[in-house]
Amino acid sequence: MKGEKILVTGPTGQVALPIALALAQSNDVWGIARFSDAAARERLDVAGVTCLTTDLATSDFKDLPSDFDYILNFAVAKGGNDAWDHDFAANAESIGLLMAHCCEAKAVLHCSSTAVYEHQGPDHPLKEDDPLGDNHRVMMPTYSLNKIAAEVVVRTAARQHGLKTTIARLNVPYGDNGGWPWYHLLFMQSGTAIPVHPEMPNRFNPIHEDDLIRQVPELLEVASVPATIVNWAGAPTTLEGWCTYLGELTGLEPKFEVTKSTIGSVTCDLTRMHELIGKAKVDWRDGIRRMVEARAPEMLQKSVPEPAVSPEPPPATADDDTQPITRGGSAAPPTEAEAT
Numbered sequence: 049m050k051g052e053k054i055l056v057t058g059p060t061g062q063v064a065l066p067i068a069l070a071l072a073q074s075n076d077v078w079g080i081a082r083f084s085d086a087a088a089r090e091r092l093d094v095a096g097v098t099c100l101t102t103d104l105a106t107s108d109f110k111d112l113p114s115d116f117d118y119i120l121n122f123a124v125a126k127g128g129n130d131a132w133d134h135d136f137a138a139n140a141e142s143i144g145l146l147m148a149h150c151c152e153a154k155a156v157l158h159c160s161s162t163a164v165y166e167h168q169g170p171d172h173p174l175k176e177d178d179p180l181g182d183n184h185r186v187m188m189p190t191y192s193l194n195k196i197a198a199e200v201v202v203r204t205a206a207r208q209h210g211l212k213t214t215i216a217r218l219n220v221p222y223g224d225n226g227g228w229p230w231y232h233l234l235f236m237q238s239g240t241a242i243p244v245h246p247e248m249p250n251r252f253n254p255i256h257e258d259d260l261i262r263q264v265p266e267l268l269e270v271a272s273v274p275a276t277i278v279n280w281a282g283a284p285t286t287l288e289g290w291c292t293y294l295g296e297l298t299g300l301e302p303k304f305e306v307t308k309s310t311i312g313s314v315t316c317d318l319t320r321m322h323e324l325i326g327k328a329k330v331d332w333r334d335g336i337r338r339m340v341e342a343r344a345p346e347m348l349q350k351s352v353p354e355p356a357v358s359p360e361p362p363p364a365t366a367d368d369d370t371q372p373i374t375r376g377g378s379a380a381p382p383t384e385a386e387a388t
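Numbering (the working numbering), first residue to last: 49 to 388.
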């Protein structure tokens, strides 16, 4: 993509930040958020992103230009049981109002989450037409239902305005900017047990930020009315597997706590994704090694063999764009933006 005017919601989030920075190299990128993370905003400013402070839960977007070519919705609010009204306004109402305001855009990419699916265990690869459910309530009470609500609003707005749209259900994003595996490494560093669901192994489809950046234009290309709905994920592996690999890289031993008070497998079928936009390219072992090299190179052991491309394990998986921390941890995912 070159020379386009692009609006990114939630551009300081784990997922959206590297995407916004990459797009800003050859496009006119604007970002709207509360910008509570000053350091992230500074990175955007330096990269040439036009940042407008906006509260998505309350804004009517009248002060925002409407002549964007593309809308990328990565913002997400994740509150507790007392935040339902706020989160529905920030996650669902906001995108409907924004699509109405920018209804002349070429296309919209709405980043949803595989957290919208009903939990079905590690051996059922979920397809886009499988039943939806309150998958993540155990950790983030409002998250799954808000993601489902937002999808409904987006689908309605796409039809109402004839606005080509893709709803991409993101699995486990990670990379140099962090992600769930990074939080697991912090657990390991502190000696804290990592929560794992008793239905083992816990399968997920981590997808590296390089693949997210590369596939954004392709997801916009397949946008349609009614909205295109597609899982967005990498090759399958397991939480236990990537934690074990982190141990091989760092010499730290992962400890696991078996508990139902955490997210279980959300196995993700990638057939439609591969048909529409192709496969993710970054092998999870290579991506995780790069993540540690970028964020904590001092933690790497000096002599660790380069990862070989690993064979695909049995039936895939899925989760979301979140960085959940459960029992024993303290850091909650940012509430402002990281898209699923």
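You may find that some hints are simply not true.
What the hints assert, rightly or not - Computed cross-link-like contacts, DSSO-like style, restricted to lysine-lysine with a CA-CA straight-line distance of at most 27 Å:
id, residue 1, residue 2
1, Lys110, Lys154
2, Lys308, Lys110
3, Lys110, Lys53
4, Lys175, Lys329
5, Lys308, Lys154
6, Lys50, Lys175
7, Lys308, Lys50
8, Lys329, Lys110
9, Lys53, Lys175
10, Lys50, Lys329
Bear in mind the hints are in silico, worked out from the structure with no lab data behind them.
So, going through the hints one by one against the coordinates:
{"no.": "1", "hint": "Lys110 to Lys154", "verdict": "holds (20 Å)"}
{"no.": "2", "hint": "Lys308 to Lys110", "verdict": "violated (45 Å)"}
{"no.": "3", "hint": "Lys110 to Lys53", "verdict": "holds (18 Å)"}
{"no.": "4", "hint": "Lys175 to Lys329", "verdict": "holds (21 Å)"}
{"no.": "5", "hint": "Lys308 to Lys154", "verdict": "violated (44 Å)"}
{"no.": "6", "hint": "Lys50 to Lys175", "verdict": "violated (33 Å)"}
{"no.": "7", "hint": "Lys308 to Lys50", "verdict": "violated (47 Å)"}
{"no.": "8", "hint": "Lys329 to Lys110", "verdict": "violated (40 Å)"}
{"no.": "9", "hint": "Lys53 to Lys175", "verdict": "violated (33 Å)"}
{"no.": "10", "hint": "Lys50 to Lys329", "verdict": "holds (23 Å)"}
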